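**Q** Order-wise, the sequence lines are chains A and B. For the first sequence, the working numbering gives the first residue as 122, with consecutive numbering after it. For the second sequence, the working numbering gives the first residue as 122, with consecutive numbering after it.
Simulated from the structure, these hints should not be mistaken for lab results. Note that this is a predicted model, so its numbers are computed, not measured. Among these hints, one or two may not hold up.
Copies of one chain are not kept apart here, so a pair can be met inside one copy or by any two copies together.
As the list claims (entries may be wrong) - Capping the alpha-carbon separation at 30 Å, the derived lysine-lysine pairs in DSS-like fashion look like this:
(1) K384 to K342
(2) K332 to K138
(3) K512 to K459
(4) K512 to K491
2 protein chains.
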Amino acid sequence: MAFDPIEFIETKKDGMKHRPKEIQEFIRLLVSGDLPEYQAAAWLMAVIFNGLAFSETLALTQAMATSGKVYKWDTDGPPVVDKHSTGGVGDTVTLVVAPLVAAMGMRMGKHSGRGLGHTGGTIDKLESIPGFRTSLTEKEFRKIVNRVGCGVAGQDKSMTPADGILYSLRDVTSTVDQEALIASSIMSKKLAGGAMHILLEVKVGSGAFMKDPESARSLSKLMIRLGMASGRNVRTVLSSMSSPLGRAVGNALEVREAIKVLKNDTPDDDPLKRIAIEIAARLASMCGFGKIHQTRSRARSCLAGGAALSRFRDMVSAQGGDEAVIDQPEKILPHAGKILEIPSTSNGFLKTCNALIIGELVRDLGGGRKSKNDVIDSSVGILIHSRPGMKVGSGDVLCEIHTNGRISNSEAVQRAESAFKVVSRKPEIPDLFI
Amino acid sequence: MAFDPIEFIETKKDGMKHRPKEIQEFIRLLVSGDLPEYQAAAWLMAVIFNGLAFSETLALTQAMATSGKVYKWDTDGPPVVDKHSTGGVGDTVTLVVAPLVAAMGMRMGKHSGRGLGHTGGTIDKLESIPGFRTSLTEKEFRKIVNRVGCGVAGQDKSMTPADGILYSLRDVTSTVDQEALIASSIMSKKLAGGAMHILLEVKVGSGAFMKDPESARSLSKLMIRLGMASGRNVRTVLSSMSSPLGRAVGNALEVREAIKVLKNDTPDDDPLKRIAIEIAARLASMCGFGKIHQTRSRARSCLAGGAALSRFRDMVSAQGGDEAVIDQPEKILPHAGKILEIPSTSNGFLKTCNALIIGELVRDLGGGRKSKNDVIDSSVGILIHSRPGMKVGSGDVLCEIHTNGRISNSEAVQRAESAFKVVSRKPEIPDLFI
């Protein structure tokens, strides 16, 4: 029987299940332009209310994954791995993980988005390095990843066009927040990227997309099932995201921080370092490189011995960036015109640093986009001096605001102050990993 | 605060109530083309699940009513009335009611659709009269209605454009079947039409849009409230629609039947005659012309004395139609090439004549449209000889199929036969009025 879009919508409206073939046809027509967006929008809203069964979500994921170009990597080289972090504030993890896994003997070729959100995407961060090119042909990209072990390119528009259409539509029809739609969007891109081993970091907390651990766990399980059912090795790790992960929030500031971690110039309890090591170690273990305690210590020595930094240098150079950024990041990366320090007004312990407030402030300073065509100011951002649980004295600097005056200094200061809460007794701080 | 379409959708998705101003703004942007259809579609689907409160439905109705041209009638002439029948099969009522209310001293200027459905709309029926024009300028239309007392014109595209957009969108996004959306669509058009007294006939049963009396009553109440809250005098009447109302189903056949009723050439228990008298009588009573038993007898005498027929003749002539249709309908109206008789195969009583089966058969014979641009064959249709409850003998003709061979004769016969059910004991037949 011919596919009827109205019946398709009605099936979901009535709480019935689609057959995989129907979902394939829906995606095919959507990409060919033969199914109008208003019908897709009505269907998305019906999904918000009636959900998708696993078989439907799997069909949707695979149909989106194969709606465009699918990357295949040669199987005789090092194992190809991928990671994904569900959006959070100040997520600099990829900048450290990619060279680290390369140093450990894996390949990671990441396609990253520019992202609409608090700060720019990984691509925006890397572009704060003078000369760094993220627009790579498929051939260039493959060559860099195969030679260096890692590479980061901008979204390849010929990949998962179906997800591109649905994602944009969800954004403007209030149909973002649905587990099956979130999972299928993420996993379709991972499947099309061609990695065999995929680690998904799901962030939970006030600064993350997932506000509570139960929904994060449920999303994780679903993504694992979708990946496994598609022949990939998928694991997840849940991490806490109430305060920003790294000390830096803002594009150039995050690159500086990543370089610091890669130079092994941060303490062992630095959250960015810890999470990068954990992700790299788990991926190595998934590839059969050893038990997790073995791969963890291997990851640590790759950081400590400079192997990861060397891969980062190779990647920057291969992608046209100025290598000097590694030795003199302060000199090479752009600077904001003014730095405002926010001191603590009391003695005690830092209880929270609200990631959402910090993220929105950085966006409004010019570090993120409100709409697709906004130009990012990569020099602005916030450098946090104190982590939750740490002792602070009155007058100690809680954070620095790097600004070019996009919003008034008084507004910036007031908003930054409101993100920090200092208490008199040492607070319980949840661990980074859940 | 500025109107944000995404927040608007989200409000309904979350089961919250819109403020009237938001709904006005939504409709304004929809008509100006500044709100894309995919956002309207997502909102419509959210309405399917979370409904609209009365205040929202009223705001929607009034915003749609005033989204285009609003007719105003001079108040010193006879009262302006309107009727609406929620779609049914073989609905010829308007053709009788319009001249009848004119004869009784009211004015009825109807804008009618062509309708996508089993048979054509009132416009399609009238166009089977040679020369009859339904494309009238506003000036022509007013002049005819004011002079003759009745007139029927095609949909004025400058009226209720918002309803036009939403209605088309609902049709293709499986969001038709929602009480508030149905009521606001009907009432917006009635409000824009400018009549002060409005009688809504809501049909219930297998051949109607409303399948059960409870939902029909609920829809009626809502439409009355919407009309009254907008300063109009609104009443409803529920009628049964399991079998076709008239004997004829098909455009030219229905015109012939209407003329027969207007000539008072049908028995008093003829359903079409009964319902036309009831509607005209109720409208007259709503206008203060007397108690219902008085206006009923006035309606009967206007039919019996030829006053209604005379108004019909004036209307046909004023709208360019061939008046000879009244004296010689068989000669003037188009004929189908072949008539197939369906005889009863048993003795007994007719229990049901399934209106839906008859309606779909007439459509497939060419008498209705499946898509907007289909051309109607006004000559085809079905003439029913027996009404539910009547005695039938084996061999008695149950109905005639008037066909031009659009579908095979054997298929037409088989489908027509399946519409009739003859039983041995006299069945209980629900009254026409509920």
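**Q** Are the hints correct? Go through all of them and say.
**A** Hints, verified against the model:
1. Proximity of K384 to K342 under the C-alpha cut-off of 30 Å is found in neither arrangement, the shortest distances being 35 Å within a copy and 75 Å between copies.
2. For the identical chains of this complex, K332 and K138 are neighbours both inside a copy (29 Å) and across copies (25 Å), given an alpha-carbon limit of 30 Å.
3. Taking the shortest Cα distances, K512 and K459 sit within 30 Å of each other inside one copy (27 Å), while across copies they are farther apart (97 Å).
4. Within a single copy, K512 and K491 get their C-alpha atoms no closer than 35 Å, and across copies no closer than 75 Å, so neither meets the 30 Å cut-off.
Hints 1, 4 from the list above are not met by this structure, while the remaining hints are.
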